[in-house]
Amino acid sequence: MSQFIIENGKGEMFNENGDKISVLQMEVDDPNFPLGDVTNYDEYHDLKPPEKQKVEKNETTIKKKKANDLNENDASTLTTHRKYKKEDMEYFFYLVNEKGMSIRAAAKKMNIPQSTAWNWHKKGEEALDD
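Under the working numbering, the letters of the sequence shown match residues 3 to 132, in that order.
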């Protein structure tokens with residue numbers, strides 16, 4: 003909300019609606035109103051965190067970064083398979099056959115995926131049939 007102050011030439015001031023106004027002025031150095039503590043630029047500047055450096059990116063760096071991301075994704079998809087030792091499979095069959103645990107409980111105890119446990123169980127049954 004902005005107001006315009008108009009002076010009529012006789013020292014009287016009016017706002018844009020024609021109402022008479024008076025402008026209040028006060029000393030800035032009055033000790034009752036310590037403005038220096040509120041607006042001390044040096045303290046503000048000391049407490050202000052440093053600004054981050056802006057790095058300009060051109061198209062070639064963006065393309066290189068995208069190419070690196072694609073290569074990393076390809077490598078990560080190839081290495082997601084875990085290799086298990088023969089002892090892991092033997093311990094799984096011990097839990098299921100000797101201890102009487104369910105396939106799901108044995109997989110949870112060994113911290114292996116349930117799909118891996120079901121595949122091992124299926125291969126074990128096929129080996130017994132042969």
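To be clear, the hints were calculated from the coordinates, so they are not data collected in a lab.
Beta carbons: idealized from backbone N, C-alpha and C, even for Gly.
Hints should not be assumed to be uniformly reliable.
Keeping only pairs whose Cα atoms sit at most 27 Å apart, straight-line, the calculated BS3-like set for lysine-lysine is [to be verified]: (1) K67 with K101; (2) K67 with K87; (3) K88 with K125; (4) K111 with K101; (5) K67 with K88; (6) K124 with K111; (7) K125 with K110; (8) K88 with K54; (9) K87 with K54; (10) K87 with K110; (11) K56 with K87; (12) K56 with K85; (13) K67 with K85; (14) K85 with K54; (15) K85 with K111; (16) K50 with K67.
For each label pair, taking beta carbons as the anchor points, the in silico distance ranges come out as [stated by the list, open to error]: (17) K110 with H47: 27 to 37 Å; (18) W120 with Q55: 18 to 28 Å; (19) R84 with Y46: 49 to 59 Å; (20) G102 with E128: 51 to 61 Å; (21) K12 with E45: 15 to 25 Å; (22) Q27 with K50: 58 to 68 Å; (23) F6 with H47: 10 to 20 Å.
The hints, checked one at a time:
1. K67 with K101: 52 Å, violated
2. K67 with K87: Given pair K67, K87 is violated - Cα atoms ~37 Å apart, limit 27 Å.
3. K88 with K125: Distance of about 13 Å is within 27 Å: holds.
4. K111 with K101: Since the Cα atoms of K111 and K101 sit roughly 12 Å apart, the hinted pair holds (cutoff 27 Å).
5. K67 with K88: 41 Å, violated
6. K124 with K111: With Cα atoms ~19 Å apart, K124 and K111 stay inside 27 Å; holds.
7. K125 with K110: 19 Å, holds
8. K88 with K54: Violated, at about 54 Å.
9. K87 with K54: Judged against 27 Å, a Cα distance of about 50 Å means the pair is violated.
10. K87 with K110: 17 Å, holds
11. K56 with K87: Measuring from Cα to Cα gives roughly 50 Å; hence the hint is violated.
12. K56 with K85: Between K56 and K85 the Cα gap is close to 45 Å, so the pair fails against 27 Å, i.e. violated.
13. K67 with K85: Given that 27 Å is the threshold and the Cα spacing comes to 31 Å, the pair is violated.
14. K85 with K54: This hinted pair is violated, its Cα atoms lying about 45 Å apart.
15. K85 with K111: 18 Å, holds
16. K50 with K67: 33 Å, violated
17. K110 with H47: 27 to 37 Å: 58 Å Cβ-Cβ, so the 27 to 37 Å window is violated.
18. W120 with Q55: 18 to 28 Å: The hint (18 to 28 Å, Cβ to Cβ) is violated, given that W120 and Q55 are roughly 53 Å apart.
19. R84 with Y46: 49 to 59 Å: Distance hint for R84, Y46 holds at roughly 55 Å.
20. G102 with E128: 51 to 61 Å: With a Cβ separation near 21 Å, G102 and E128 fall outside 51 to 61 Å, so the hint is violated.
21. K12 with E45: 15 to 25 Å: This hint is violated: roughly 46 Å between Cβ atoms.
22. Q27 with K50: 58 to 68 Å: 32 Å, violated
23. F6 with H47: 10 to 20 Å: Roughly 36 Å apart at Cβ, these two residues miss the hinted range, so it is violated.
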